[in-house]
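Participant: Protein chains in written order, with this note's numbering: chain A, 401 to 697; chain B, 71 to 854.
If you are wondering where the hints come from, they were derived from the structure by calculation, not from laboratory data.
In this text, all values refer to a predicted model and were calculated from it rather than measured experimentally.
Among these hints, one or two may not hold up.
Claimed, not checked - Computed footprint of chain A on chain B, listed as stretches where at least three residues anywhere in the stretch have a Cβ under 8 Å from a Cβ of chain A:
1. 98-104
2. 114-122
3. 469-482
Claimed, not checked - Heads up, simulated DSSO-like pairs for lysine-lysine below, C-alpha to C-alpha not over 27 Å straight-line:
4. A:K597 - B:K727
5. B:K727 - B:K509
6. A:K678 - B:K384
7. B:K766 - A:K678
8. B:K244 - B:K134
9. B:K842 - A:K678
A virtual CB, placed ideally from N, CA and C, is assigned to each residue, including glycine.
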Amino acid sequence: MTINTHPALPEFEYFRPETLVEASEFLARYHGEARPFLGGTDVFVRMRDGFLAPKFLVDVKNLDGTNDLYFEPQAGLTLGAAVNMNRVIASPEVQAHYPLLAEACRSVASYQLRTRATVVGNICNASPAGDTIGACLTFDGVLNIHGVSGPRQEPLAAFFLGPGKTTLKPGDVVTAIHLPLPPEGCAGTYLKLGRNKLSDLSIVGVTALGYPDPSRPSGYRFRLALASVAPVPLVPAQAETYLANDTITPESIREAARLAAEDCSPIDDVRGSARYRKQMVRNLSARALTEVWERLK
Amino acid sequence: MAKVVTQNIPSPIGESKPRIDAREKVTGAAIYADDLQFGNALLHARIKRSPYPHAFIKKIDITKARALPGVKAIVTGQDFPGYIGLYLQDRYIFCRDRVRYVGDPVAGVAAISAEIAEKALSLIQVEYEVLEPVLDPEFGASPEAPLIHPDLGQYVVANFIFPQPGTNISNYFKIRKGDVTGTWKKCAAIVERKYRIPHIQHVPIEPHVAIARVDETGEITLWGSSQSPFAQRNLIAQSMGISQSDMRVIAPFVGGGFGSKAGVSMESLAVAIATKVKGHPVKLLLTREEEFFTAFVRQELVAYFKMGCDENGKLLAMENKFYWGGGAYTEYGVNVTRASGYSSSGPYEVPNVKTDSYCVYTNHPVGGPMRGFGMPEMHAGLEQCIDELALQIGMDVVEFRKLNCLKTGSILVTGSKMHPTGLLQCVEKAAAAIGWGKKAPPSAPNKRRGKGIALMWKAPAMPPNAGSSAWVELAEDGTLNVGVGGQELGQGVFTVAAQMAAAALGVPYESVRVATPVDTRYSPYEWQTVASRLTWSMGNAIVSAAKDARRQILEMVAEAWGETPEDLDIVNGVVVSFKSEKEISLKNLVIYGLPKPDDQGWRGGPVIGRGNFMPTYVTGLDPKTGQGERAVVHYTTGAQAVELEVDLETGCIEIIKGVSAFDVGKAINPEMVKAQMEGGFVQGMSSALFERLQLKDGVVQNPSFVDYRIATSADIPMDLQAFIVEMPQDDGPWGARGIGEHSMVPTIPAIANAICDAIGLRFEGPPFTAEKVYLAMLDAGIVK
Chain A
401 MTINTHPALP EFEYFRPETL VEASEFLARY HGEARPFLGG TDVFVRMRDG FLAPKFLVDV
461 KNLDGTNDLY FEPQAGLTLG AAVNMNRVIA SPEVQAHYPL LAEACRSVAS YQLRTRATVV
521 GNICNASPAG DTIGACLTFD GVLNIHGVSG PRQEPLAAFF LGPGKTTLKP GDVVTAIHLP
581 LPPEGCAGTY LKLGRNKLSD LSIVGVTALG YPDPSRPSGY RFRLALASVA PVPLVPAQAE
641 TYLANDTITP ESIREAARLA AEDCSPIDDV RGSARYRKQM VRNLSARALT EVWERLK
Chain B
71 MAKVVTQNIP SPIGESKPRI DAREKVTGAA IYADDLQFGN ALLHARIKRS PYPHAFIKKI
131 DITKARALPG VKAIVTGQDF PGYIGLYLQD RYIFCRDRVR YVGDPVAGVA AISAEIAEKA
191 LSLIQVEYEV LEPVLDPEFG ASPEAPLIHP DLGQYVVANF IFPQPGTNIS NYFKIRKGDV
251 TGTWKKCAAI VERKYRIPHI QHVPIEPHVA IARVDETGEI TLWGSSQSPF AQRNLIAQSM
311 GISQSDMRVI APFVGGGFGS KAGVSMESLA VAIATKVKGH PVKLLLTREE EFFTAFVRQE
371 LVAYFKMGCD ENGKLLAMEN KFYWGGGAYT EYGVNVTRAS GYSSSGPYEV PNVKTDSYCV
431 YTNHPVGGPM RGFGMPEMHA GLEQCIDELA LQIGMDVVEF RKLNCLKTGS ILVTGSKMHP
491 TGLLQCVEKA AAAIGWGKKA PPSAPNKRRG KGIALMWKAP AMPPNAGSSA WVELAEDGTL
551 NVGVGGQELG QGVFTVAAQM AAAALGVPYE SVRVATPVDT RYSPYEWQTV ASRLTWSMGN
611 AIVSAAKDAR RQILEMVAEA WGETPEDLDI VNGVVVSFKS EKEISLKNLV IYGLPKPDDQ
671 GWRGGPVIGR GNFMPTYVTG LDPKTGQGER AVVHYTTGAQ AVELEVDLET GCIEIIKGVS
731 AFDVGKAINP EMVKAQMEGG FVQGMSSALF ERLQLKDGVV QNPSFVDYRI ATSADIPMDL
791 QAFIVEMPQD DGPWGARGIG EHSMVPTIPA IANAICDAIG LRFEGPPFTA EKVYLAMLDA
851 GIVK
């Protein structure tokens with residue numbers, strides 16, 4: 401490792417398209433050279449540190465609908481790509497129907513950064529550590545994407561391919577994340593473990609959402625998403641299935657947590673060891689599930 | 071018991087006056103070095119640094135870089151043969167033949183823009199021959215280690231520092247007191263432990279910045295963020311081969327120093343480059359990344375302790391060995407080794423002590439002074455051993471400390487006698503406030519709760535004759551202007567200066583200004599703003615200067631009124647006579663004097679008072695035994711106690727309550743003293759729980775705030791308490807002594823002792839991160 405002594409933002413050209421069509425065309429034409437950005441809280445830092453050097457930065461804020469945050473009682477929440485996290489946190493609809501999402505946003509960085517950072521940016525950055533991705537996954541989020549052949553939708557669950565890698569194709573701009581109506585009677589929590597209490601990246605993050613589901617043998621359905629313990633934001637399917645099929649007890653929660661830890665494949669890095677991370681997935685999954693279960697009972 | 075002197079304490083001494091610099095800092099009006107504007111002539115400097123921890127420089131090729139348009143100067147070590155250093159001159163300004171840490175300056179560039187300077191760096195080609203690095207101080211001290219400074223024997227060194235030529239040991243300090251070897255068999259309990267304290271960084275909010283300009287006659291002006299403008303004047307002048315009076319240092323407010331801006335570090339680079347582009351100011355501003363690995367870091371420490379007591383818990387012997395990882399250059403850090411040696415008993419009376427304290431060169435970043443100057447690192451292990459020894463003999467750890475701690479008249483580890491000290495009161499106050507002996511249940515079933523306590527002592531570590539001076543003058547409106555050479559680092563020294571000047575002269579606090587910024591051309595001499603010495607040392611100089619002015623005023627008025635100065639006083643800016651009950655405002659008379667009757671001329675003249683202070687009583691220590699009459703000026707003592715919870719599921723530690731009690735002699739401004747105690751506790755807590763430079767093969771792995779975590783406001787316990795104990799210092803202004811550094815000295819061991827109380831585990835060293843604590847609990851079978 402060598403230390404970059406004077407990190408500096410490389411030169412780039414700023415491009416602000418007037419329409420989504422223009423944005424998609426530009427991004428497709430300059431594929432590999434152009435990169436869309438929203439709040440810029442990740443892209444500028446990565447450019448400064450020398451990991452990215454796009455020739456063009458395409459500002460996709462202020463395009464059709466990207467600044468909208470609206471809740472439809474029949475359909476759910478649509479969160480425009482350019483809506484910053486502090487707006488999400490302050491939104492009465494989010495607080496009323498998706499408090500888990502607000503909680504996840506509150507755990508990100510600092511207040512100042514959250515006035516720039518966006519949920520969709522957090523998703524598109526595709527870091528396994530993304531704090532708000534778990535909430536969007538457990539709510540079965542769907543991405544609204546504008547590409548060269550027009551708008552389409554893609555489920556978030558299949559979106560992540562690896563660190564920084566997604567299914568987005570040349571010319572694609574994510575315009576919004578749509579969260580369907582939350583399951584009736586649901587409760588959720590996001591447990592973030594950082595090295596200190598404020599503004600750290602997560603060593604491990606555990607999102608848990610639970611709700612009554614009479615169609616399941618246990619009578620409940622639990623959703624889990626794990627941050628910073630795999631190449632992608634991880635949904636530990638074994639654990640979810642286990643809890644759907646077994647009676648919910650402290651023992652079955654412990655077993656589900658063990659299964660969640662089994663599913664993950666963390667690495668050693670400066671923030672934490674793989675050994676500790678695995679242990680924390682187990683313990684925090686158990687804690688999160690217990691907390692949610694207490695609220696459902 | 072020594073006689074406690076009671077004296078009248080004049081206003082505003084002991085009053086929590088608002089900070090004199092609060093308004094300009096809160097509004098953003100305060101000027102820092104990076105705010106200064108230099109116009110078009112300004113050039114930007116960048117430093118080419120070594121990528122290797124240890125290597126010979128075979129060749130430096132600057133031809134391509136020099137040809138780059140916009141580059142005005144490129145310098146290398148060949149341009150500057152002089153050594154530089156505070157106590158041991160072991161540094162070149164730019165490396166000449168060898169690099170000794172990753173980041174060591176190899177070449178410097180000045181260009182018309184930062185971007186061009188940066189581009190030029192990439193065009194400088196350096197050929198190295200890589201050498202085996204030394205990455206551990208204990209290994210570094212061994213005969214097997216490769217030599218980092220083969221010329222150690224030729225370096226200029228202060229007479230109280232003892233380098234060992236032919237080794238990597240740049241200072242070796244010994245204590246030989248009593249008979250340690252023969253005492254072990256008399257001990258009823260003995261504890262032997264090893265601790266390792268990692269390198270940490272000071273992380274001031276404001277990074278290092280220096281702007282240097284050399285004029286046509288060769289006079290140098292340096293603007294910088296500095297704790298030591300006068301020491302910089304002296305050391306840089308010596309190194310550049312110019313006279314001190316041809317070197318001028320201007321030092322505006324400092325946005326945090328903690329020791330990292332003491333002495334000379336990157337400033338000499340800016341000055342050296344500026345000599346090649348006369349007339350141009352050359353600015354060097356460290357990035358946060360550079361701050362982490364090229365500015366001073368705190369030395370690391372490998373410490374061995376052995377201590378024993380009799381069956382009643384009375385300490386009988388200590389045998390300590392300290393290997394200080396001084397980094398690549400130890401010009402300043404050598405004195406940490408000495409300070410930890412003459413303080414190596416901790417704040418206890420121990421009849422038999424053997425200490426070997428080594429300062430060892432390593433190929434790590436440059437170790438230097440940091441808040442506490444070795445004391446937090448040394449106390450970290452020592453105060454844990456005290457806990458273990460007490461428990462082994464079956465004593466309560468507070469009772470054990472009360473029995474053994476220094477009292478007035480105790481014989482110190484250096485053989486001298488302890489001056490009046492309120493350490494016992496500090497222990498009692500801290501123990502009472504934390505509810506010692508009462509066990510509170512944890513807040514949740516998955517938590518364990520514990521309490522811990524630790525004591526400390528620390529003397530200002532400085533040359534025996536570190537001096538201060540001050541002047542005061544008054545304006546027509548009776549406002550007092552105080553000239554000082556000490557620096558405001560956020561610790562509040564300008565406020566204290568104003569309070570002391572106001573009290574000593576007799577004007578309201580609100581009528582005092584401090585003459586800033588510190589400028590070596592106009593400000594009075596001050597050795598350095600370090601060692602928590604200013605309230606005491608500079609304070610004495612200010613009082614002396616204010617009294618000098620006061621004497622001049624009273625003599626003039628007495629003469630005018632036909633009275634004696636003894637009958638007069640200055641109260642609230644008005645001269646009053648107790649005898650005649652006359653009074654006259656200071657306004658105008660302090661400039662114009664007073665007219666004689668009947669238009670027969672005038673008496674007096676502009677009043678200017680001067681004062682200085684320098685301790686004259688500090689004696690040397692025997693190099694063989696470390697014994698001497700009076701090794702230091704005084705010791706500030708104190709105690710901290712904490713209550714915390716350990717989360718069994720994560721290993722996270724939550725400090726629930728922190729208590730500090732320190733004997734400050736006299737609190738000139740009690741709220742600011744308490745703020746120092748709180749701030750020190752938080753910085754100590756941060757170093758206990760989070761902070762560590764992660765070094766791998768000499769490379770810092772976490773040179774940014776992303777991965778070098780420091781405590782945020784959310785990590786601070788809601789319940790922080792501070793208690794002031796006042797056992798006056800015989801030669802301090804109104805009895806005051808320092809508190810700035812001391813408040814982070816006992817924090818690591820207080821927290822470590824509380825963790826052990828909670829879960830029964832001890833660690834080789836901080837930080838006690840959640841991961842370290844959890845995995846230790848897992849390995850110990852406390853959790854599954």
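Participant: Hint by hint, which ones does the structure fall short of?
Facilitator: 1, 3, 6, 8
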